[in-house]
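Visitor: Build the full structure now, drawing on both the sequences and the hints.
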Amino acid sequence: MIGQTAPVGARTATYAAALNEALREEMQRDPRVFCIGEDIAVWGGGGVYGVTKGLVEEFGVGRVRDTPISEEAIVGMSVGAAAAGLRPVAEIMYSDFLALAMDPLVNQAAKMHYMFGGQASVPMVVRSNSGAPGGKAAQHSQSLEAWFMHVPGLKVVTPATPFDAKGLLKSSIRDPNPVIFLEHKRLYQTKGEVPEIEYLVPLGRADIKRIGRDVTIVSNQTMVLKALEAADDLSLSGIEAEIVDVRTLKPVDMETILESVRKTSRLIVAHEANVFAGWGAEIVARVAEVGFELLDAPMMRVGAKDSPIPYSEPLEMAILPDKDALVAAARAVVAY
Amino acid sequence: MIGQTAPVGARTATYAAALNEALREEMQRDPRVFCIGEDIAVWGGGGVYGVTKGLVEEFGVGRVRDTPISEEAIVGMSVGAAAAGLRPVAEIMYSDFLALAMDPLVNQAAKMHYMFGGQASVPMVVRSNSGAPGGKAAQHSQSLEAWFMHVPGLKVVTPATPFDAKGLLKSSIRDPNPVIFLEHKRLYQTKGEVPEIEYLVPLGRADIKRIGRDVTIVSNQTMVLKALEAADDLSLSGIEAEIVDVRTLKPVDMETILESVRKTSRLIVAHEANVFAGWGAEIVARVAEVGFELLDAPMMRVGAKDSPIPYSEPLEMAILPDKDALVAAARAVVAY
Amino acid sequence: MIDDLQTLYRLMMRIREFDSRMQVLVNAGFIRGGAHQAIGQEAAAVGVCAALDPDDLITSTHRGHGHAIAKGVDVRPMMAELFGREGGCCRGRGGSMHIADFSVGLLGANGVVGAGIGIATGAALAQSLGASGRVVACFFGEGAMNQGALLENVNYAALHALPIVYVCENNHFAMSMRAERATALANLADRALGLGLPGVSVDAMNVVAVRDATREAVQRARGGGGPTLIVADCYRLEGHHIGDPLNYRTREEVQHWREQDPIARCRLKLAAVIGDAEIARIDAEEKARIDDAVAFAEASPLPLAATAEEGVYA
Amino acid sequence: MIDDLQTLYRLMMRIREFDSRMQVLVNAGFIRGGAHQAIGQEAAAVGVCAALDPDDLITSTHRGHGHAIAKGVDVRPMMAELFGREGGCCRGRGGSMHIADFSVGLLGANGVVGAGIGIATGAALAQSLGASGRVVACFFGEGAMNQGALLENVNYAALHALPIVYVCENNHFAMSMRAERATALANLADRALGLGLPGVSVDAMNVVAVRDATREAVQRARGGGGPTLIVADCYRLEGHHIGDPLNYRTREEVQHWREQDPIARCRLKLAAVIGDAEIARIDAEEKARIDDAVAFAEASPLPLAATAEEGVYA
Ligand SMILES: Cc1ncc(C[n+]2csc(CCOP(=O)(O)OP(=O)(O)O)c2C)c(N)n1
Ligand SMILES: Cc1ncc(C[n+]2csc(CCOP(=O)(O)OP(=O)(O)O)c2C)c(N)n1
Ligand SMILES: [Mg+2]
Ligand SMILES: [Mg+2]
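Quick mapping for you: the protein sequence lines, in order, are chains A, B, C and D.
Sequential numbering of the first sequence, starting at 0, is according to numbering that gives the first Met the number 0.
Sequential numbering of the second sequence, starting at 0, is according to numbering that gives the first Met the number 0.
Sequential numbering of the third sequence, starting at 0, is according to numbering that gives the first Met the number 0.
Sequential numbering of the fourth sequence, starting at 0, is according to numbering that gives the first Met the number 0.
Here are a few chain D residues that face chain B, going by a calculated C-beta distance under 10 angstroms:
id : residue
1  : L128
2  : R133
3  : A148
A short, non-exhaustive set of chain C residues, derived as facing chain D with CB atoms under 7 angstroms:
id : residue
4  : A157
5  : T182
6  : A183
Because the hints were derived from the structure by calculation, they are not lab data.
Ideal Cβ positions, reconstructed from N, Cα and C, are used throughout, including at glycine.
Guide: Here it is, written out as structure tokens:
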């Protein structure tokens with residue numbers, strides 16, 4: 000909801016700082032919370048993107064644990080520590096490396112509660128980051144959130160703004176289930192309002208970041224920002240886009256999406272991940288199934304082309320989705 | 000195409016035996032082909048499901064390699080062997096354990112050709128099996144093909160019949176790219192026509208397993224068989240379902256699917272994997288995007304509920320999709 | 000910590016009876032999905048758990064009924080679990096490969112070879128962070144020694160002196176793969192040398208030897224001295240699973256190991272103390288206990304299909 | 000196999016010039032995405048490759064320019080790759096972390112720590128199956144010693160005596176993590192003890208020592224004697240990447256290691272043979288070679304956006 004944005008004049012912070020506050024507050028609040036990952040304590044005073052800055056000084060090396068390069072163990076141990084009653088917040092430096100930790104995440108954490116008949120719960124968060132920071136090529140630029148959406152037992156969170164980043168991370172840490180919390184490399188230094196008073200953003204609720212009547216654009220992370228820019232452009236030619244930030248992909252808030260489509264009758268889903276079998280497919284499919292009659296035009300997806308992310312700038316730009324693609328898609332569906 | 004089924008009177012074989020023939024023929028044909036995996040040589044004379052039966056006797060322990068329990072190395076070494084000029088066929092005993100080998104598959108095999116500017120190719124096949132064999136519970140029953148569809152650089156094959164299994168495996172082995180070849184535990188003992196003469200089934204082509212005019216059911220693996228049964232039931236009440244076996248999920252043959260939908264104006268997509276963010280979402284989304292005007296009813300997906308696969312039979316049956324769900328879906332879209 | 004031989008014997012007998020009866024029940028179709036027996040490995044399970052305190056923790060494997068019984072899980076809900084019943088320890092959701100009972104410190108069996116290693120190490124980290132004084136014993140087969148998870152987690156445990164004992168049950172086979180075909184090591188316990196922790200081998204056809212070796216390792220772990228790798232040398236007397244074609248070893252080899260049967264060896268020692276009649280009484284009691292467990296399982300209701308989607312999230 | 004000190008020196012100098020120039024170019028914005036320098040580690044790269052035959056193979060890492068140059072990759076397409084140009088060795092698709100040149104046996108650098116180990120082991124398996132007589136050298140940092148892939152692949156190579164040499168460059172850091180904080184081992188080469196292959200340490204600030212140790216390992220590998228783990232003790236004289244805050248070590252420590260600079264040490268020895276003037280000539284030539292590479296890179300066209308989707312599949 001728009002109302003969740005802080006009042007005018009409120010304090011601003013970067014996305015990285017907002018995440019850092021969430022960690023600090025939750026670690027202060029709950030002694031069971033601890034952080035574990037590579038280069039989160041010593042490096043640069045707290046993590047490659049500064050998210051764990053200052054935490055080791057405040058909470059010590061027991062609760063802010065630099066690990067060897069052992070992704071499977073980072074996540075595997077987090078599962079065990081959570082099952083044994085703690086609340087680990089694991090960091091995987093780049094989400095590409097989640098490929099090394101899929102077994103503990105998917106075969107263990109996601110299944111234990113159900114498979115053990117409810118006697119165990121696995122309250123853990125795996126923080127990592129999606130997306131192409133630019134020039135980091137094929138192994139440091141992927142957006143893999145669709146994989147995790149397909150895993151029953153996991154929750155998947157992908158915040159776009161500092162406000163949401165903080166509120167969602169706090170909710171994720173308090174959630175009794177395993178949560179994949181995917182930040183975005185290009186968002187860490189973006190700024191936004193982050194109230195000084197404590198707040199939570201609930202998992203499973205989308206947020207309308209801009210109200211419009213002509214076309215709904217559902218997106219996450221960087222694509223929310225691009226959609227807002229696109230909406231400004233479109234507005235000049237009289238097209239008012241409604242921007243729905245999905246925020247949580249699992250569980251996904253279809254109600255908010257359908258409500259928006261009911262109003263606009265047109266839907267675009269936009270993500271940085273490649274389109275093919277990306278999370279946008281699920282949204283489009285759901286709307287096609289249950290919102291078929293609401294639509295006045297075919298739905299469209301905007302996302303990366305089906306290619307590894309190339310290093311060279313003109314190639315990378317050609318593969319990744321941009322504002323212009325959103326503007327063009329919106330014009331197309333409105334003109335339909 | 001229907002025409003690809005062998006002529007009447009042709010020899011029949013099980014799915015497992017058909018796969019075995021494919022391996023044997025390709026190993027005879029090309030000395031670069033070798034098999035690597037756990038318990039593929041000694042166990043029971045050739046693999047848990049008999050797919051590698053007799054191969055070690057014919058080709059020796061050099062080309063039919065039993066490995067320690069090291070899934071990441073099985074796939075990782077296959078990548079290296081393929082890049083160095085061989086044609087490995089790796090076996091992962093259950094596809095759930097692909098979770099242990101995602102890095103070599105996704106970050107290495109899938110990307111090398113592109114990332115190295117075309118100088119390398121990685122002609123390898125990773126064979127494994129999807130699906131719930133019944134009573135094997137949450138860690139031996141998953142269908143994860145949607146993950147691989149989302150990875151540019153991979154091909155994904157999921158045969159339903161002995162004929163397709165053999166022809167597609169031979170094509171996969173000859174393909175210069177990394178192919179994930181997902182068999183199904185419940186299909187190994189099914190029988191079907193497998194001609195004695197050599198043949199290939201090309202990757203990237205769907206197959207119409209039954210012609211119908213009223214509703215298109217796109218499916219793979221076991222759900223093709225269930226769709227065929229459902230079609231028989233439906234036929235009794237005058238509904239003629241067209242059954243499209245997608246066979247290859249990446250690249251996917253949208254032309255055949257769209258052509259069928261053009262005729263029937265109704266689409267159901269069915270897979271054993273859980274519906275949420277499964278491969279059916281991509282098909283439905285694509286049709287919603289480019290075939291919007293062809294449809295006379297909302298599309299529907301049939302698949303597993305969003306849960307780990309339970310052990311106990313009544314629960315497992317409640318989670319997995321069955322023929323009745325297909326019949327009900329078909330009736331609903333036809334009645335729309 | 001269990002000191003009397005009689006209890007050790009009784010627990011081993013319970014495991015043997017449980018897994019023997021299971022074979023009948025699988026073959027008769029009462030238990031679905033297949034199952035793995037720990038017959039021949041009872042001394043490893045019982046010896047290790049005998050060295051633990053009741054609130055210490057363990058993780059187990061696909062071949063886990065022995066570990067569960069040794070740690071104190073009631074055979075009634077265990078058997079009901081195999082029957083897929085609501086009265087099962089996992090309410091029928093898990094089955095043979097996923098027996099768990101957090102109330103007695105069993106953090107779960109596992110269907111993924113080696114996956115318990117991370118969970119156990121994390122549980123040990125939790126004990127260390129919470130200064131609980133508890134120790135974790137992590138069971139795995141020698142087949143799991145070649146999973147990458149072993150290196151990553153054991154390295155971490157050694158580095159941080161976590162309170163954990165890694166118990167590798169070397170039953171000489173991983174399905175059809177003989178242990179000697181899986182590593183270049185002459186002595187599996189040497190894997191510890193590359194990871195910075197002590198590695199010891201123990202004759203796991205001798206329950207007292209296992210208990211004593213574990214006791215030392217547990218003391219070290221509890222005292223902050225860090226982890227130990229124990230390689231428990233035993234033998235899988237039956238097939239990998241019920242239905243194994245068993246084409247990969249000779250009858251002579253099996254016979255050789257049968258002569259080492261850990262229960263028979265223990266019985267011999269115990270008979271000298273309590274006499275044959277008393278032993279026969281224990282045997283009968285444990286047999287009756289399994290009869291009772293089967294009756295309990297059969298009487299327990301199947302889960303309702305309508306509840307299938309419940310409990311995915313906490 | 001390279002025997003003359005002059006060539007060893009020249010190659011080390013080329014690496015130093017390349018990675019030094021790169022720093023300027025990254026800071027000036029000509030190269031995007033950041034990059035890792037091998038400054039201080041030239042003797043490891045050159046010493047190892049000097050012990051290989053031209054058609055032997057290597058795999059490399061994120062810190063891989065030294066390995067590439069030592070194996071014979073032309074600095075022109077390397078620099079063009081960093082510039083993201085069509086004339087790059089990967090046509091601009093890969094960048095600094097993905098330098099590959101199959102024509103000289105470089106099967107690729109890697110952005111995933113430890114991922115080269117599986118690729119190298121598979122390549123060695125291919126040599127063994129094809130009886131090619133070729134050997135593979137697999138480079139990785141000491142940080143990769145704690146990846147599960149190490150255990151799985153090295154175990155397999157030892158078991159099957161594959162023709163491979165594992166070269167762990169212990170530059171003492173994995174980003175901010177000092178090697179001593181990452182394992183409980185006093186001596187990293189001891190990791191080999193748990194995997195069943197010989198492990199040796201070598202002073203990798205001394206190019207000749209590295210070459211000689213590698214030569215022995217290569218001979219063993221080529222002769223069917225199986226793999227060796229070489230721990231090459233060196234030091235990362237610069238930051239982890241260009242822009243590293245470097246808050247995790249002291250200037251004194253760096254200074255101590257600078258005094259061991261492998262190029263300076265080699266220069267001293269070489270000067271006694273060929274004289275200072277000749278050395279200055281080599282230095283100038285290598286500097287000029289990098290000037291030329293930069294000019295080549297700048298002149299090479301950027302890839303066309305329209306080709307971005309080409310080449311995903313072979
Ligand atoms: C990751 C993984 N790979 C393969 C399997 C299939 N599998 C089940 S048990 C087993 C052998 C395990 O051997 P070991 O660890 O020695 O245990 P044992 O069966 O001897 O008790 C294998 C290969 C599995 N369950 N998990
Ligand atoms: C799997 C994986 N985890 C983490 C990273 C991030 N990372 C890049 S380099 C590096 C340190 C590597 O240390 P080492 O292996 O010693 O190589 P060095 O940088 O010292 O050359 C890390 C943690 C990565 N690239 N891959
Ligand atoms: Mg075993
Ligand atoms: Mg290093």
